[in-house]
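*Asks:* So the protein lines, in turn, are chains Z and B.
Position one of the first sequence corresponds to residue 1 (my numbering), numbered consecutively onward.
Position one of the second sequence corresponds to residue 1 (my numbering), numbered consecutively onward.
Hint data in this document are derived by calculation from the structure and do not stem from the laboratory.
No residue lacks a Cβ here, since even glycine has one placed at the ideal position from N, Cα and C.
You may find that some hints are simply not true.
So, partial list: chain B residues that the calculated Cβ filter (under 10 Å) puts toward chain Z [to be verified]:
| hint | residue |
| --- | --- |
| 1 | 70 |
| 2 | 72 |
| 3 | 74 |
| 4 | 75 |
| 5 | 79 |
| 6 | 130 |
| 7 | 132 |
| 8 | 156 |
| 9 | 180 |
| 10 | 327 |
| 11 | 331 |
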Amino acid sequence: MHLILFLAFGAVCVAGAVNLLVQRHPINSALSLVVVMGSLAAEYLLLGAEFVAAVQVIVYAGAVMVLFVFVIMLLNAGEEEPTKGSRVAMLFGIPGMLVGSLLIAWVLLQHSGNQSVAVGALPGPPKTIGWLLFHEYLLPFEATSVLVLIAIMGAVVLAASPESLGRKE
Amino acid sequence: MLSIESFVAISLIKTVIALFVLLTAVAYTVWLERKVVGHMQNRWGPTRVGPFGLLQPLADGVKFMFKEDLIPPHVYKPLYIAAPMLAVVFALTSIAVIPVGNSISIGGIQTSLQITDVNIGLLIILGVTSLGVYGVALAGWSSNSKYSLLGGLRASAQMVSYEIALGLSLVGVLILSGSFSLREIVDAQSGTYLGFIPRWNIFPQFIAFFIYLMSAYAETNRIPFDLPEAETELVAGYHTEYSAMKFAMFFMAEYANMITVACVASLLFLGGWHGPAFGPPLLQAILPVFWFALRIFGFLFVYIWIRGTLPRFRYDQLMAFGWKFLLPLAIANLVVTALIVAIQS
């Protein structure tokens, strides 16, 4: 039962990803990405990582993608039109992507052997994750938060007008 | 351990009952609102259909179903049709993890008064409600009308902003009870302080309760934060172009979200279903559910009361209030709570 569900959500995930590329309208593509995020959350849940699954939905599907959709709505972006460049990209992109994914699959299979993660085997409860984050990986965690802070400050500087930052030019 | 068939059967029965109760509650919250606001404004509210207008929701439902379902020619059809469905589905989903009382046994089968008890119940509610914004945003965009688009933009910006304060206000409660499971959070609130004050989270976490209340009003697009559908500026906001049952779906979603918010507030801050239980066993089984329903009713009444009292905020005031007041306050509350808990342990 778990395996069937896992494969089904995997299929939904891949279908959403393909649809994301095929759709011409940005809002359809963004919504396909939401579907991808949602089915990824379901996969995490099936693997036993319920906290990661919930966070995936709250952060990616519920916040990041809402902002994507918001920007698309705000700019009122229309359908994309194929140009010469996009045809060339298609001509080389699809074979390139196929070769790339084959390469990645080959490397992964070479190095991980035949062992795959059993369904429901990952340590997923919030307590375990909190312990790992704030004890074992405290330094990387804090370093990442500083990195995010720098990114936010950069965005503020880029977005703010010179007057509001107190610079007179 | 239950067999799969009986598990499916019990879950199905519980789901049907929960949905029936929720939809009835939604219909009668609308009635309650019309009645209470009516009396506050020196009017009667609905009186014609049934005693005290009690059958008015039924009449409204029939009207919505038989109205002509207009689809304007300029809309983007797939999303225009999907948006109200998304809104109502996400609004009704969160009832799945909300417990309404202790476990009961019927015919030798022990079952909890909850569709499913998961250890991340609260996170699931937050996740589902955060997806609810798609219904509103897509409705606004796909209608292809300036009022709808502005309403949808306002709604998505407002909901994403207030979600942060809302989530942070709940963390204090989580620290106190040490669990994401709604049932365990309620169980942690049993007993009393000093012998007579109930051990509800609202007392140590009253600042968090205040933040939760404010952000919940913004999340459900209710007065004083109902800018997405501000009728004086935007006709009806994101659902301007909708009619008949599709409009009713947005309406249902709004009221279902109000009830979800009331449930979460009761469970997290007001001790859930705890209250005096006495009398014969049957009464003892029912009373907790009654206490829980009473809290939800009180919360909904406050919702309506505020609607009848406060004017609407301006949009920049709304954003400043969320980001510059509620968010820092929520973070300060979180830090203080964490410090006190760390010192005590």
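*Asks:* Find the hints from earlier in the document that the structure breaks and name them by number, from lowest to highest.
*Replies:* Result: hints 1, 2, 3, 4, 10 and 11 break, sorted rising.
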